[in-house]
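Novice: In order, the protein sequence lines correspond to chains A and B. Numbers 3 to 318, taken from our numbering, label the letters of the first sequence in order. Numbers 3 to 318, taken from our numbering, label the letters of the second sequence in order.
Simulated from the structure, these hints should not be mistaken for lab results. A couple of the hints might just be wrong.
Because identical chains share one entry, a pair is satisfied inside a single copy or across any pair of copies.
BS3-like mimics (lysine-lysine), calculated; alpha carbons at most 25 Å apart, straight line [as the list claims (entries may be wrong)]:
1. Lys-149 to Lys-99
2. Lys-223 to Lys-7
3. Lys-220 to Lys-246
4. Lys-149 to Lys-180
5. Lys-24 to Lys-179
Listed below are the residues making up each chain.
Protein chains: 2
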Amino acid sequence: MASLKVPANVPLPEEDAEQLQKAFKGWGTNEGMIISILAHRNATQRSFIRAVYAANYDKDLLKELDKELSGDFERAVMLWTFTPPERDAYLAKESTKMFTKDNWVLVEIACTRSALELLSAKQTYQARYKTSLEEDVAYHTSGDIRKLLLPLVSTFRYDGNEVNMTLARSEAKILHKKIEEKAYADDDLIRILTTRSKAQIGATLNHFNNSFGTSITKFLKEDSGNEYVQLLKAVIKCFTYPEKYFEKVLRQAINKLGTDEWGLTRVVTTRAEVDMERIKEEYLRRNSVPLDRAIAKDTHGDYEDILLALLGHGHA
Amino acid sequence: MASLKVPANVPLPEEDAEQLQKAFKGWGTNEGMIISILAHRNATQRSFIRAVYAANYDKDLLKELDKELSGDFERAVMLWTFTPPERDAYLAKESTKMFTKDNWVLVEIACTRSALELLSAKQTYQARYKTSLEEDVAYHTSGDIRKLLLPLVSTFRYDGNEVNMTLARSEAKILHKKIEEKAYADDDLIRILTTRSKAQIGATLNHFNNSFGTSITKFLKEDSGNEYVQLLKAVIKCFTYPEKYFEKVLRQAINKLGTDEWGLTRVVTTRAEVDMERIKEEYLRRNSVPLDRAIAKDTHGDYEDILLALLGHGHA
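Work the whole structure out from these sequences, hints included.
Specialist: This is the structure we're talking about:
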């Protein structure tokens with residue numbers, strides 16, 4: 003469930019655009035106004051506001067925000083104001099660049115979005131950066147990591163719920179054999195995880211658990227030292243328990259000395275309209291502190307305000 | 003979230019009582035009518051119907067149901083028609099009797115209900131059976147199992163959300179030490195699990211996980227052979243992941259040769275008004291088959307119909 007709060011009576015996009023334009027004007031920027039509008043509109047409403055802003059003021063709202071804001075607050079506002087495919091394309095692009103390389107973000111985007119959402123992010127990626135996500139991932143990775151990540155971002159997975167139990171049984175056996183041999187980058191193992199539907203992978207992993215008495219991630223735990231195995235675990239976590247995957251990203255971002263604002267902003271902006279309520283629940287359960295309180299302790303100012311607004315605080 | 007579906011316009015209790023009275027009359031019983039009424043009314047509405055039935059027809063609705071119905075269907079209708087405290091008292095009583103002894107059910111009732119719900123079940127128990135739950139548990143158990151179960155059903159736990167992190171840290175250390183020594187029935191270990199608030203136990207177990215790199219249940223897994231350790235694991239599971247605990251009870255009930263109807267009926271009737279939607283979600287995730295389909299495959303007739311109605315099927 004989403005944490006985003008949209009008011010019962012949403013102002014017309016024209017009114018929102020006008021208020022935003024006023025917020026930029028004059029001496030200083032009215033950050034509170036920006037938050038009170040953008041952090042309480044859904045993706046469709048935000049894109050209407052951008053369209054009306056462009057038509058009425060002949061300016062790109064995103065460029066205005068870029069000009070007026072700065073730091074972590076700017077990054078949060080920008081990421082949030084994007085449409086989901088633009089945001090994913092942007093995050094994926096960062097993740098394939100030399101200094102912002104992040105294989106985990108690629109796994110996250112490839113495995114927690116639906117097939118159509120991933121496709122749509124890849125189309126936006128091409129339109130915007132004039133390259134494909136596939137070629138950038140292939141170029142910037144190597145070895146086993148490329149062997150896993152490339153098909154992961156390439157496949158247009160079947161999204162249906164049907165499950166073939168015979169197949170699940172036989173592929174669970176393959177996975178078990180390969181993992182016992184510590185052949186974590188085996189062709190078949192990668193084929194199963196990168197091409198089967200999420201429902202089918204779920205069935206295979208359930209069979210694994212039923213037949214071998216432990217979940218596959220527990221088998222992998224012993225070897226969790228190297229990046230490849232950790233990515234493999236992240237893939238499985240994203241498929242089976244996305245809310246726990248995101249809880250962990252948030253926990254690590256918040257507990258890190260100095261806070262990892264990129265991770266924090268990314269999870270809050272990408273999940274506020276999707277499943278943030280569930281992630282909050284997991285966060286409380288795993289940390290015995292509500293997520294909003296943990297964020298309020300670690301952040302401040304406008305940046306804190308927008309994160310809390312996206313978590314469901316404040317008037318809507 | 004509850005799976006129970008109540009119609010937008012609920013008939014008056016007088017009308018429901020009249021329909022039920024008609025369903026009992028004449029040649030044969032109208033089971034469909036009983037389901038269509040009782041399985042779509044919440045606890046308050048059901049008790050109004052019982053009160054009106056007693057007033058208008060001078061008969062106890064529960065006794066009428068007992069007379070008219072039989073088998074698994076009867077048990078499901080009876081358990082469902084009870085108020086939650088009556089139902090818990092009834093289940094607890096069964097669990098302390100010689101031939102229906104079930105320590106797991108006692109753990110389930112003691113650990114997944116709020117302090118007030120447990121108290122209320124114990125008051126009903128006393129009013130109904132003229133003994134206390136505590137004396138019956140004490141009398142019918144012994145050794146380590148009594149050492150764990152008796153305080154578990156006795157304590158009126160604090161239900162607040164506040165958490166003492168210093169205490170969590172020190173008690174996590176105690177738990178770790180005792181578990182490493184395999185002193186699973188240690189006084190301190192039992193004291194912590196049977197007297198601390200659920201929020202505080204959650205914090206302690208989170209600290210355990212953070213400090214020792216694995217959850218406490220994984221430590222216990224190796225020794226899962228004996229009943230005491232299994233009960234200890236059930237206690238922890240009920241506190242931390244009740245929806246997974248109930249998923250497992252359902253999975254085992256359904257997968258059992260011949261189906262364990264008692265377990266199935268118990269979980270469906272006790273959780274339909276509480277968190278059955280979450281349990282259904284976990285069931286699908288863990289079994290790759292929706293719970294309603296698994297139940298439909300394993301049961302039939304009126305029994306199947308009432309279970310599915312309580313899971314949210316049918317007109318409401």
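Novice: Work down the list of hints and note, for each, if the structure agrees.
Specialist: Hints, verified against the model:
no., hint, result
1, Lys-149 to Lys-99, "within (18 Å within a copy, 60 Å between copies)"
2, Lys-223 to Lys-7, "neither (39 Å within a copy, 42 Å between copies)"
3, Lys-220 to Lys-246, "both (15 Å within a copy, 18 Å between copies)"
4, Lys-149 to Lys-180, "within (16 Å within a copy, 45 Å between copies)"
5, Lys-24 to Lys-179, "neither (64 Å within a copy, 62 Å between copies)"
In this structure, the hints that do not hold are numbers 2, 5, in rising order.
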